[in-house]
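J.: Numbering (the numbering used here), first residue to last: 2 to 192.
Some hints here could point you the wrong way.
Cross-link-like lysine-lysine pairs, in silico, DSS-like; alpha carbons within 30 Å at most [unchecked claim]:
| no. | residue 1 | residue 2 |
| --- | --- | --- |
| 1 | K60 | K84 |
| 2 | K131 | K11 |
| 3 | K84 | K11 |
| 4 | K119 | K131 |
The set of hints was computed from the structure by calculation and includes no laboratory data. Predicted, not measured: the structure shown is a model, and the values here were computed from it.
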Amino acid sequence: MPRPKTDTIKFLTSDETARLFGSVREHRRNKAIFLIAYRHGLRASEVGLLRTSDLDFKKLRILVHRLKGSYSGEHPLQSDEAKAVRTYLRTRGHESPVLFTSNRGDPISRRTLDWLMKTYGAAANLPPAKRHFHVLRHSIATHLLDAGGDLRFVQDWLGHSNIQSTVVYTYLTSRNRENSARKVFLHMPRY
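Taking the hints into account, I'd like the entire structure generated from these sequences.
T.: Here is the structure:
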């Protein structure tokens with residue numbers, strides 16, 4: 002099987018991710034959006050699908066609605082995510098079943114999210130090729146694998162119905178390759 006093309010997949014390094022979140026820090030809604038989208042690997046169109054009823058703050062859970070043939074499911078919500086969303090909800094000034102709304106109260110649009118990524122990406126001095134909202138999804142995939150996440154876990158986390166959609170990220174990470182090589186060669190004879 003030929004190696005998948007990976008040169009078109011852009012993802013943030015750890016430093017770039019920290020700079021991006023540093024630039025978003027001051028805006029409550031946008032901080033919550035970026036944190037939820039990144040941590041759960043959401044596509045821009047999936048962010049607009051989120052409802053306040055998808056959150057369970059007591060159990061720290063969020064129901065993620067996937068598109069493009071991916072599997073939806075419930076994800077654990079980290080405490081910093083819950084805090085960011087609660088803070089946003091307390092200060093947004095209106096009741097809506099939609100979790101992330103535009104200034105008009107409609108679900109936030111893909112176009113707005115891409116504009117926000119370009120704006121915050123420029124403020125964080127990200128390369129222009131990485132100033133697209135979908136880069137957050139690619140980033141969490143590579144970061145989970147780099148942190149030692151199992152391929153099946155990452156497949157499930159991103160909602161991929163086909164493992165080949167997840168395998169492509171293994172070519173982007175070197176830490177997994179290095180760790181696997183160290184384990185294998187540890188048990189091989191020395192010459």
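J.: With a cut-off of 30 Å on the C-alpha distance, tell me whether K84 and K11 pass.
T.: The given pair, whose Cα atoms are some 29 Å apart, holds under the 30 Å limit.
J.: Verify the proposed pairing of K131 with K11, using a straight-line Cα cut of 30 Å.
T.: 6 Å, holds
J.: Do the alpha carbons of K119 and K131 lie within 30 Å of each other, as the hint requires?
T.: 9 Å, holds
J.: Holds or violated: K60 with K84, Cα cutoff 30 Å?
T.: 13 Å, holds
This entry satisfies every hint, going by the numbered hints stated previously.
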